[in-house]
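Number of protein chains: 2
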Amino acid sequence: MKVGIGILGGGTVGGALLQYLINEQAAIVAKTGLELEVRRVAVRSLSKTRAFPIPVEIITDRPEQLIDDPSIDLVVELMGGLEPAGDLVMRALQAGKPVVTANKELVAARGAELIQRAEEKGVSLLFEAAVGGGIPIIRPLSESLAGERITRVLGIVNGTTNYILTRMSEDDLGFDEAVEEAQALGYAEADPTADVSGADAAAKTAILASLAFGTWVSVDAVYREGIESIEPIDLRFAATLGYIPKLLAIGVETPTGVSARVHPALVPLDHPLASVRGANNAVFIEGPQVGQLLFMGPGAGGGPTATAVLGDIIDAARELLAHAQVAPRIRFAPGRLRDFGEIETKWYVRLEVADAPGVLALVAGTFGEFGVSIKSVWQEGRGEDATLLLITHDALEANQRAAVAALRSLDVVTEVAATIRVQSDEP
Amino acid sequence: MKVGIGILGGGTVGGALLQYLINEQAAIVAKTGLELEVRRVAVRSLSKTRAFPIPVEIITDRPEQLIDDPSIDLVVELMGGLEPAGDLVMRALQAGKPVVTANKELVAARGAELIQRAEEKGVSLLFEAAVGGGIPIIRPLSESLAGERITRVLGIVNGTTNYILTRMSEDDLGFDEAVEEAQALGYAEADPTADVSGADAAAKTAILASLAFGTWVSVDAVYREGIESIEPIDLRFAATLGYIPKLLAIGVETPTGVSARVHPALVPLDHPLASVRGANNAVFIEGPQVGQLLFMGPGAGGGPTATAVLGDIIDAARELLAHAQVAPRIRFAPGRLRDFGEIETKWYVRLEVADAPGVLALVAGTFGEFGVSIKSVWQEGRGEDATLLLITHDALEANQRAAVAALRSLDVVTEVAATIRVQSDEP
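Quick note, the sequences are listed as chains R and V, same order. For the first sequence, the working numbering begins at 1 and goes up steadily by one. For the second sequence, the working numbering begins at 1 and goes up steadily by one.
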């Protein structure tokens, strides 16, 4: 049976999707029974040269026309960004058309509202490609694990920063150098801010935590730190101590509430996430019944992302043909969001101190005042000064911060040169 | 909204599912909007003592009554085995009731027929729990990746044999000893044949290959070897050479056809599957668009399996409430099955030979006659005799076998003591 598809966006993913839908149409019909016919592709510029040329009879630069076109049964949004994508998606849902989107920024910012509108209209809003590129993670979370009380989500969800950190730690590149290389290879944008600041990862973390815990976690509620201030010297020290840096996405549910955060962390070398290299993504999902699941694969790129989009298209098309009044896959209930200060974390701290008797005792005593105990210490003297590396035990994030602030006011501490959180041994 | 559920089978998974549906009912309603009410549980013996007692008002030993009960909207089959499970599932579908099953044996043997009946009746037949326990793998394959042309499936799909092989290789246990320990821990049945013979893995491989390639692969078409003849001495040699033994499930699609097989293989220690220990499962899925995906987690047990079953129940219940006339998720087309002899494999061969000049040349020459070249050789002399270990390069399985048969007839070869296939370095 025929399903008319409109695609908003003719970039990398849109092009890969269009090409696949055209070239593999017979195979898709054979495997799914669905004739997916692309009837319009809306682009910003009609004159741009594209890797896969869009047939003239379907290209348009008027996205509203695509939404209103009665021959379009299903809308695919691949424009990215909040507007006009948000308005167009809302209008498509309002018109009773199911929407498939890869737009993590939009889903993280307005997901609750869009899902509600989709529910009112009895159509699907699907966004498998918004997190983890080609890795099926949204559908497993919202369908396969719909009955599980998920307690933790932990992963690497931004391939760009993972590539940069991999190059910095394995090949001793500086941050700027690694960013330039990532740009040259097409892994990083001309303006890499969204990736290196953790904003992209924060949007994905908000989506993962929302689906995992059934409480809508807005992207503003995700604590966020980027990788911009990671220095090569700390990566060398970390390697010596058996750690590798990763930008981690972490969501945790406890009886007292839900928390979500994104920050760099030193991961033990024998941790399963330590081996996730380059532009790959990996996500652990944990629950009391199911135990611990790991999903891993390419986190970005035209092919993988288009595959995830296509899976959603097929799912939505099946529902259309079943004339189903679609019930939402997951409902969101209000839940308490825990402040990051209430979460237990471990820290790596690099201090520049005076190389004098009693300094270590003073530093350890300061941590102790805030209930933070020290797991291990290394000192490297250089005449009158010394570098002191500490790794703390688990303690409240608020207390770790207070202890470090107190260290800054000690006379013997020249500089708190670096603080990086440390991930526990267990996955 | 209320959905009446009937469960066939009150064993480990049935008990875990019932307990969860009763204890977590409010949480499930909050998260999914579905009130899943278990109205009948059919068991073999009414008098058996159970970890989670089944309320007397819903227990029955008449499974047919459960199928016919008009208050049962959805049937969950957790009895296992071909009959009477197959007959009951067929009757439930015939009555227009969606069926969720964890029965890999049944799906592998009669899946095509059951799926066809479900299609005729416009209801779902879901079996996420049949492969990989709690790991979402069936839904990703049949939905998320429905549009991808999957070329390879590779994994560890039997936790019992993985536990046994892990103990044998890491702790030097003999096969019988490792089996006894697995039985004591509840990982292996009193009769471990289905696991150690590879039959359980073959059923799962048939299901994975069928869904991945869109061609129904019957379990009889899966080449199968078990782990019974693996000897500790070869595991010690393998460890020295940098390999660990795994029972691999492999499905491959090439332009000339589809093949599926299960056999022990030596896996390089730096291969991602080498680190899958104990009763865990892990599956790689590969396609030209999506690249390489890995799914990992607990492959068996009441909790994980019940979670997968529950995800299917929620999915089927959503469709029921949408009054959807369900189209099949995946269609199967006829495809050519390739004989295992046509597949390229690498072999590890242990020979007992006379320690005389020219023996190695003779052995290498014999392999060469069949187009098999040798990658590496180790020889250990013991007076007049010697042990010769060889690892071959990739060659046709049929040629590897013919070469080994020819070796048997050489005078200088006392015994072909072991042959085990070797997995390539790439995942």
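Hints were generated in silico from the structure; no laboratory data involved. On a predicted model such as this, the values are computed, not experimentally measured, just so you know. By construction, the Cβ of each residue, glycine as well, lies at the ideal position given by its N, Cα and C atoms. Some clues are possibly wrong.
[Stated by the list, open to error] Simulated coverage check for chain R against chain V, where a stretch passes if three residues somewhere in it have a Cβ under 8 Å from a Cβ of chain V:
| id | stretch |
| --- | --- |
| 1 | 79-88 |
| 2 | 142-151 |
| 3 | 292-305 |
| 4 | 330-336 |
| 5 | 385-397 |
Here is what the structure says about each hint:
{"no.": "1", "hint": "79-88", "result": "violated (count 0)"}
{"no.": "2", "hint": "142-151", "result": "holds (count 7)"}
{"no.": "3", "hint": "292-305", "result": "holds (count 10)"}
{"no.": "4", "hint": "330-336", "result": "holds (count 3)"}
{"no.": "5", "hint": "385-397", "result": "violated (count 0)"}
The structure is inconsistent with the numbered hints 1 and 5, although it conforms to all the rest.
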